[in-house]
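Trainee: So the chains spell out like this:
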Amino acid sequence: MAKDEALFDAIRNGNRKLTEEIVRKLVAEEADVTEMLEASMIPAMRDVGDRFSRNEAYVPELLVAARAMQTGLAVIEPLLTAAGHEPIARVCIGTVKGDLHDIGKNLVAMMLKGAGYRVDDLGVDCGTDMFKRAVDEGAQAVLCSALLTTTMPFMESIAEAFRDRPDVKVIIGGAPITAEFCDRIGADAFGSDANDAVKILDPMFAESPAS
Amino acid sequence: MMRFAAEWPNGKVEQMIQHCAVNDLAEFRFGHALHPVRCGRDLSIGTGTVIPEINFTLPPMTVDKGNWGTVRSHYEEMIQGVLERSVRLRVPGLLVEFETLPDMTSNPDWALEITRLIADRLDEFYIRHRLRSALRLTPNDTREFQRPPRLRGGIHWDNMMEIFTKSAGAGADLIGIESTGGKEICDEALVLADLHGIVFALGVLGARDMAFLWTYIVSACRRGGIIPSGDTACGFANTAMVLAEKKMIPSVLAAVVRVASVPRSLVAYEVGAVGPSKDCAYEGPYMKAIAGVPISMEGRTSACAHLSPVGNVSQAVCDCWSNESVQNVQLLSGKAPTVSLEQLAYDCRLLNTAGSESGQGSARLRNWLADSDSALDPQAYVLRPDVVLRISREIMKEKTSYRRTVAAVRAAIDEISNAHRAGRVEIEDREILWLEDMKRQADTLPATEDELIGAMNGGPLADTFIPEEYGMDVSKTPEETEACTKGI
Chain B
1 MAKDEALFDA IRNGNRKLTE EIVRKLVAEE ADVTEMLEAS MIPAMRDVGD RFSRNEAYVP
61 ELLVAARAMQ TGLAVIEPLL TAAGHEPIAR VCIGTVKGDL HDIGKNLVAM MLKGAGYRVD
121 DLGVDCGTDM FKRAVDEGAQ AVLCSALLTT TMPFMESIAE AFRDRPDVKV IIGGAPITAE
181 FCDRIGADAF GSDANDAVKI LDPMFAESPA S
Chain Y
1 MMRFAAEWPN GKVEQMIQHC AVNDLAEFRF GHALHPVRCG RDLSIGTGTV IPEINFTLPP
61 MTVDKGNWGT VRSHYEEMIQ GVLERSVRLR VPGLLVEFET LPDMTSNPDW ALEITRLIAD
121 RLDEFYIRHR LRSALRLTPN DTREFQRPPR LRGGIHWDNM MEIFTKSAGA GADLIGIEST
181 GGKEICDEAL VLADLHGIVF ALGVLGARDM AFLWTYIVSA CRRGGIIPSG DTACGFANTA
241 MVLAEKKMIP SVLAAVVRVA SVPRSLVAYE VGAVGPSKDC AYEGPYMKAI AGVPISMEGR
301 TSACAHLSPV GNVSQAVCDC WSNESVQNVQ LLSGKAPTVS LEQLAYDCRL LNTAGSESGQ
361 GSARLRNWLA DSDSALDPQA YVLRPDVVLR ISREIMKEKT SYRRTVAAVR AAIDEISNAH
421 RAGRVEIEDR EILWLEDMKR QADTLPATED ELIGAMNGGP LADTFIPEEY GMDVSKTPEE
481 TEACTKGI
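Line by line, the protein sequences give chains B and Y.
Residue numbers for the first sequence follow the numbering used here, so the first one is 1 and each next one is one higher.
Residue numbers for the second sequence follow the numbering used here, so the first one is 1 and each next one is one higher.
By construction, these hints were calculated from the structure, which means they are not laboratory data.
Check the hints yourself; a few may be wrong.
[Claimed, not checked] For lysine to any residue, the following SDA-like pairs were computed, each having C-alpha atoms within a straight-line distance of at most 25 Å:
(1) B:97 <-> Y:106
(2) Y:439 <-> B:16
(3) Y:439 <-> B:64
(4) B:113 <-> Y:462
(5) Y:247 <-> B:190
(6) B:17 <-> Y:458
(7) B:97 <-> Y:159
(8) B:113 <-> Y:106
(9) B:17 <-> Y:192
Model, not experiment: these values are computed from the prediction.
With the sequences and hints as input, model every part of the structure.
Mentor: Written as C-alpha cells, this is what we have:
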C-alpha cells in the first residue's frame, strides 16, 4: 500500500474525525494496517515534527496532529497486534529527581509515540531506581529531562547507573543541558528540541525491534 | 485604594479592589507608587527612587547535606560581592531576593539558615556603610511535586508554612512567592493553545489558590511584623513567554496569557499583600495601575536567566529593577552576581537621574522604554503604560476573578488586533491565524464560572486537578454552587 494522501493530510492537519473515517474505510477495504501505519500515519507525524524543527509549525499543531494519530491508532491497534507488529523500540522518559518541569518531556514523549515508539512515561521527580526499573521491564533507552541547574547534575548518576549496559542508551535534554555537559557525564546523546529525540533514536534502533 | 467586601468561593470574606488606582498616564511613572512600602533597614520603595533588586543562585550543583558547606560558602561569596559593589556604586538602596531551591523548601532549616546568613550581612553593611536594604524571602512552591497537586495540606504545604512562619525570625523583611495553583491545567492548555483551559487555570483555579495561600502568608507576615510583598504568574505567563521565544507557541498567545494572568495575581493584593510585586511578574504594571502597589520588574538585565521580547518596556513604570536570577559563576570582571548588581545599579542611576528632572524627563524616558519595544512584539505591546491603563479599566469593570479574566482576554485580543491593523505592532503572518482562533475561543467563553467549571470537570483534563484543593464543593449541584458564589 502506497502512501494514502488523504490519511496523511488528515493527520498532518490534526483532523481527528476525518482521520478516523479514513482509517475505518481503509480497514473495511482490508488494507494492510502495518503499511497504513508506516507509509501514511508515521510519515504524517514526522512531517509535522520536521515543520516544527524548521519553525514552520507550533507545538499546538504538533499536539492536534498527535491526537489525530492516536485516534487512528486506536482503530488499528488490535489489528496491528494481531499482525505481530512491533514498535520501533521501547523507551522510558522522565524528569529527574528534584525537578517538576515536564512540558518539554511530555512533548518528547508525544513525538516518539507518533514516530512509532513505545514510551513508558515515568513522570517527574524520577530517581535512578525508577529508570532502572523501567529498563528491567524492557525499556531500551532512557530519556531524562531537567530544567534546573541544581537538578541537572543528577543526570550524571543516571548515566553512571547504565555505564555497564552499553545496550541501554541514555539521552538527555532540557533548557540548561548542552552537548558539552552530555559528553562530560558520559550520556549517549543530547537533544535540543522535541523533535530531536526521534532523529537521535531512529539510527540507534534502525534494525532493532522492541522487546 | 477603593475596596468593597466580597465573599470568596471558599467562604472567606475578603476585600476586592473595585477601581483602578491610577487612571492618568502622567501619574504612571517609574519610582512612584500610590501606596509606597517601607521595609527592612530604612528602605522605601515607590517614593520616587528606583531601587535595584538582586537575586542570585548556585552554579550547577546538587544541594544536599554532604555539600552544605559549599552551598553556604557560595551564598556568603555572592552576598559579600554584591554588597561591596553596592557600596562602591553608592546605590540608593538595595532589595535582595533569596529564592529557595526545591531542596531548601523541603528542608526549611536550610532555607532559614541561608536567610539568616544574608540578613546578617545586610545588617553589617547597614551599620558600617548605612546601606539601606531589605531581604525578600521567596520560598519555591513545591506543592506541585505531588500530581495532581495537593495545595492545602500535606508535607509540601507544611514545609512552606514552616518557612513562612519562621521567616521573620530568620531575618526576612518581605515574603514573596511564585505560587503554582492551576499550573497543572495551564501547562496542558498552553501547549494546546486552549484558551478555555488557560482561563480556567488562571481565573478559576489560580485565583482560588491565591486567595487561600495568601491569606496564610499575610497572616504569617502580620504575626512576624514583616511585609507580604507579592506573587507572580511566572509559572503561567512566563512559561508562555519562554515557549514563545523558543517558537513553540505563538507570541500572540503569550501576550494574551500575560494579560489573562492579571486578575489572578491581583488576588494577592486583595487579601493583604502590599508590594513590591515579584520581579518576574511582568504583569506588574497592571498591579501598579489597579492596586497602586510598588512593583519590581526585570527585563534586559534578566537575560542572564531567560530571554524575552520585553527588555525595555518592562522597565517603564518599575519601582525596583531586577535581574531575575544569576548563577554564581566567574566572568571576566568578577562573579556574575556582582556583575549583575553593577548593571542594575547603573540602570537605576539613569532612571533616577531622569526622575529627578521635571516630570518631563521621567515621562520621556518612560516613553522611550515603551516605544523601543512595543512595536516589535505583541507581548511588549500589552506592557505599554497607555495600553496597561486601558486594559486595566476594562478588567475592573467586572467584579469576579473569573469575569475579570474573561474581560482581560477579550481586551488583550482587541488591543493587539487594533494595534496590528493600525500598524502599531508587528505580528508574523502565521500568527494572525492564531489571533483569529483566539478571538473565536474568547467569544465562546461561558458567562459564568460555574459553566466553565462544569465543562472542565467533564473534560479531558479533569483527572489533572483535585477540585477540593480549590475549595470546590463537588457534592453541590451547579445551581447550589451558583447560589453560594453569587454576589462575588
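Trainee: All the hints need checking, so say for each whether the structure fits it.
Mentor: Verification of the supplied hints:
no., hint, result
1, B:97 <-> Y:106, "holds, 13 Å"
2, Y:439 <-> B:16, "holds, 22 Å"
3, Y:439 <-> B:64, "holds, 19 Å"
4, B:113 <-> Y:462, "holds, 23 Å"
5, Y:247 <-> B:190, "holds, 20 Å"
6, B:17 <-> Y:458, "holds, 20 Å"
7, B:97 <-> Y:159, "holds, 18 Å"
8, B:113 <-> Y:106, "violated, 35 Å"
9, B:17 <-> Y:192, "holds, 18 Å"
Of the numbered hints stated above, the single one contradicted by the structure is hint 8.
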